[in-house]
Amino acid sequence: MKPLSDERELLKGLANSDKKAVETIYLENFNTVQALIINNNGSTDDAKDIFQEAIIVLYEKVRSGSFELHCRIKTFLYSVSRRLWLKRLQQQNRYSAPGDSLEQVVTVEEYQEAHEQRNAEFEMMEQAINHLGEPCKSLLEAYYLQKQNMQVIAASFGYTNADNAKNQKYKCLMRLKKIFFAQYKNGNDDE
Amino acid sequence: MTMNEIQLLDAIERYIRGEMRSDERLQFETLRKSNAEVDQLVVEHTLFLQQLNHFGGRKQFRSALNDIHTDLTEQGKIDSMKLKGGAKVVYLWKRYRRVAAIAASIAGITALGISALVWAFAPKNNSQTEVLGRKLQAVEKAQRDANAEVKQLKSQLNTKPIEFKSGGTGFMIDGKGYIVTNAHIIRKSKNIFVINSRGGEYRTKVVKMIPERDIAILKIEDDNFKPVTALPYAIRKSSTDVAEPIYTLGYPRNDIVYSEGYLSAKTGFNGDTLTCQLGLAANRGNSGGPVFNKEGEIIGVISARETEAEGVAFAIQSKYIFDAIDELKKDSAYRSLKLPVKSSVKGMAKQEQVKKVLDYVYMVKAD
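Taken in order, these protein sequences are the chains called D and C. Heads up: the first sequence begins at 1 in our numbering, then just goes up one per residue. Heads up: the second sequence begins at 1 in our numbering, then just goes up one per residue.
Keep in mind the hints are simulated off the structure, nothing from the lab. Given the structure is predicted, the values throughout are model-derived calculations rather than measurements. Think of the CB as a built atom: it goes at the ideal place given N, C-alpha and C, for glycine as much as any other residue. Wrong hints could be hidden among the right ones.
[As the list claims (entries may be wrong)] To give an idea of the interface, some chain C residues facing chain D are shown, with a C-beta separation under 10 Å as derived from the structure:
hint, residue
1, I6
2, E44
3, H45
4, L52
5, N53
6, G56
7, G57
8, R62
9, H69
10, L72
11, E74
12, E201
13, K205
14, I210
15, E212
16, V257
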C-alpha cells in the first residue's frame with residue numbers, strides 16, 4: 001500500500017486535472033470497480049460509466065477546496081461506484097444485493113445528494129446550451145469555456161470587429177441565461 | 001455612471017473575475033450599493049458563471065477521462081476482466097456474439113445479411129444493415145464551421161433556432177451548386193445545410209428525391225455561394241472491376257475523414273444491380289459520401305453498412321446518379337445541369353487527389 005503522502009499528491013494532481021495523476025488513479029482503481037460492476041449484472045460499458053462518474057464525484061470534491069478525504073482513494077472510489085451502481089440497478093429493477101467482496105466500504109450518502117444536484121445542474125446547462133442553436137452555442141463556448149478573447153473570436157467567427165462580436169455574445173448570453181434560469185428556478189421549486 | 005446594458009454586463013464580469021483596477025472597483029461597489037438592480041444582477045450573474053464553469057470543467061474532465069480510458073485500453077493496461085461467478089453468462093454470451101460475428105463473415109452468413117440490403121434503402125432501419133446517417137443533435141460543432149453560419153443566421157437570431165437531427169455527407173455533381181446525398185438523411189426535413197471542409201455553410205433546397213434508390217439531389221440556394229467552373233472528378237457511368245481500390249471522404253465527425261478499401265462485389269446480393277459491395281470501414285455519417293476509384297472517378301454513393309460484419313459497406317452505383325439527373329432534367333429549369341465526365345486528378349498520387357476533391361465533399365445537416 002502506498003504512503004498517504006502519495007495519495008495527497010495524487011489528489012492535488014487530480015484537482016489540477018494533471019493528466020499523469022488522473023491516469024494513475026484510473027489505472028489503479030478501474031479494474032476493481034469493473035470487477036464489482038461485472039460481478040453484479042453489469043457490462044464493461046456500465047463499468048466505464050460508473051467508474052468515470054465516481055471519479056467525477058472525487059474530482060469535483062477536491063476542486064471545491066474544502067474537501068478532505070478520510071479514507072484511501074481506492075476505498076472512496078469503490079464506495080461511490082458501489083452506491084451509484086446500486087442506485088442504477090434499483091432504477092432498472094435489477095436489484096440484487098451485491099455480494100460484497102473483500103473491498104472495504106465507507107458511507108458516501110452525504111456525497112450522493114450533492115452529486116445528484118450537480119448532475120441535474122449539469123444537464124440543465126447542457127440542455128440550455130444545446131437549445132440555443134448556432135452560432136450562439138459556439139460563440140458562448142468559445143468565450144466562456146475555451147476562454148478565448150474577443151479579438152480571436154471576432155476573427156474566427158467572421159465579425160468585423162470585437163465590439164460586434166461582443167454585442168452578439170451579449171444577445172446570446174441573455175438567451176442562455178433566460179433558458180437556464182427558467183429550468184433552474186423550476187428545478188429548485190420542486191424540492 | 002451611465003452605461004448601456006452590454007457595458008454593464010461587461011463590468012459585472014470583470015468585477016466577478018477580479019479584473020478591475022482598485023479605483024474602478026470602488027466605484028463599482030458604490031454603484032452596487034446604491035442600485036439594487038445592479039446588485040441583483042451581480043448576484044445572479046455570479047451564480048450563473050459558477051454554473052457555467054462547473055459545466056465546462058466537468059465536460060472537459062469527462063473528455064479527458066475518455067481519452068485516458070481509450071489509451072489505457074489500447075495499451076492493454078485495463079480491461080483485464082477478472083471474472084467471477086455471476087458474470088459467466090454475460091461473458092459467454094458476449095464471447096458467443098463475437099464468435100458468431102466472425103463465423104458469419106467467414107462462413108458466408110454475411111450473404112444472408114446482404115439480402116436485407118434492399119430494405120436498407122427504404123428510410124426505415126433494418127436489423128442487418130444500418131443506415132449511416134449521423135445523429136447530430138448533441139454533437140459539438142467545430143468552431144470554424146460557424147463562420148458562415150454566423151452571417152447566415154444573424155438576421156434570424158431571435159427566431160427559434162434550427163435543431164439539426166440528422167447528418168451525413170454529400171458531394172457536388174455540378175459546379176452551379178448541385179449536391180448528391182442519401183434520401184434517408186433528408187427525409188422530410190425543411191432546413192438542410194451543407195458545410196464544406198473549410199467551414200463554409202450554405203442553405204440548400206431539395207430538387208429531387210428518389211427514396212427507393214436512396215438518392216437525393218440538393219441545390220445550394222445561398223448568396224454566399226460562388227459557383228465552381230469545373231469539378232476535379234468525374235462520375236463514372238459504367239461499372240468498376242471487383243477488387244479495385246477505392247476510397248471515400250465523409251463526415252462521421254465534424255472533421256472530414258478519409259478511409260480506403262476495395263470494391264468487393266459489383267452487385268449487391270442476388271445480383272441486385274442497384275448496389276455494389278465495398279470492403280471499407282464506414283461509420284455513421286459516411287452516408288451519402290462519394291466512393292472514388294483510383295482514377296478519381298466517383299463509382300458510387302455510400303449508403304449502408306453491415307452491422308454483423310465489420311468493414312462491409314454498401315454503395316449505390318453511380319449510374320443511378322445519371323438516371324436521377326435525367327429525371328430531373330425533364331424539368332426545363334434544370335436542363336443546363338451537367339455531370340462531370342472527365343477526371344482531372346487521374347494519375348495523381350492519392351494525397352494530391354484528396355487535396356483537390358476535398359473542397360467538394362460536404363457535411364449535410366438536416367433538421
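Comparing the hints with the structure gives:
1. The criterion of a C-beta within 10 Å of any C-beta in chain D is met by C:I6, whose closest approach is roughly 5 Å, and the hint holds.
2. A cut of 10 Å between beta carbons decides the hint on C:E44: the least distance to chain D is about 8 Å, and the hint holds.
3. Here the hint on C:H45 is kept, as its CB sits about 8 Å from the closest CB of chain D, short of 10 Å.
4. Against a cut-off of 10 Å between C-beta atoms, the interface hint on C:L52 holds, since the closest Cβ of chain D lies about 5 Å away.
5. Annotation: C:N53 was flagged as interfacial toward chain D, and the flag holds, the nearest CB pair being 8 Å apart, inside 10 Å.
6. Because the smallest distance between the Cβ of C:G56 and any Cβ of chain D comes to about 4 Å, under 10 Å, the interface hint for this residue holds.
7. Interface hint at C:G57: satisfied, since its Cβ lies 7 Å from the closest Cβ of chain D, which is below the 10 Å cut-off.
8. With its C-beta approaching chain D no nearer than about 7 Å, C:R62 sits inside the 10 Å limit, and its interface hint holds.
9. Hint status for C:H69: holds, given a least beta-carbon distance of 6 Å to chain D, under 10 Å.
10. Given hint, C:L72 at the interface with chain D, holds; its Cβ is 6 Å from that chain's nearest Cβ, closer than 10 Å.
11. Look at C:E74: its Cβ only gets to about 13 Å from chain D, farther than 10 Å, so that hint breaks.
12. For the restraint placing C:E201 at the interface with chain D, the shortest Cβ-Cβ distance is roughly 9 Å, inside the 10 Å limit, so the hint holds.
13. This hint is violated: C:K205 has a C-beta 20 Å from the nearest C-beta of chain D, more than the 10 Å allowed.
14. Because the smallest distance between the Cβ of C:I210 and any Cβ of chain D comes to about 30 Å, over 10 Å, the interface hint for this residue is violated.
15. Below 10 Å, beta-carbon pairs count as interface contacts, and C:E212 has none with chain D, the closest being about 33 Å; its hint is therefore violated.
16. Because the smallest distance between the Cβ of C:V257 and any Cβ of chain D comes to about 21 Å, over 10 Å, the interface hint for this residue is violated.
In the structure shown, a violation is registered for the earlier hints numbered 11, 13, 14, 15, 16, in ascending order.
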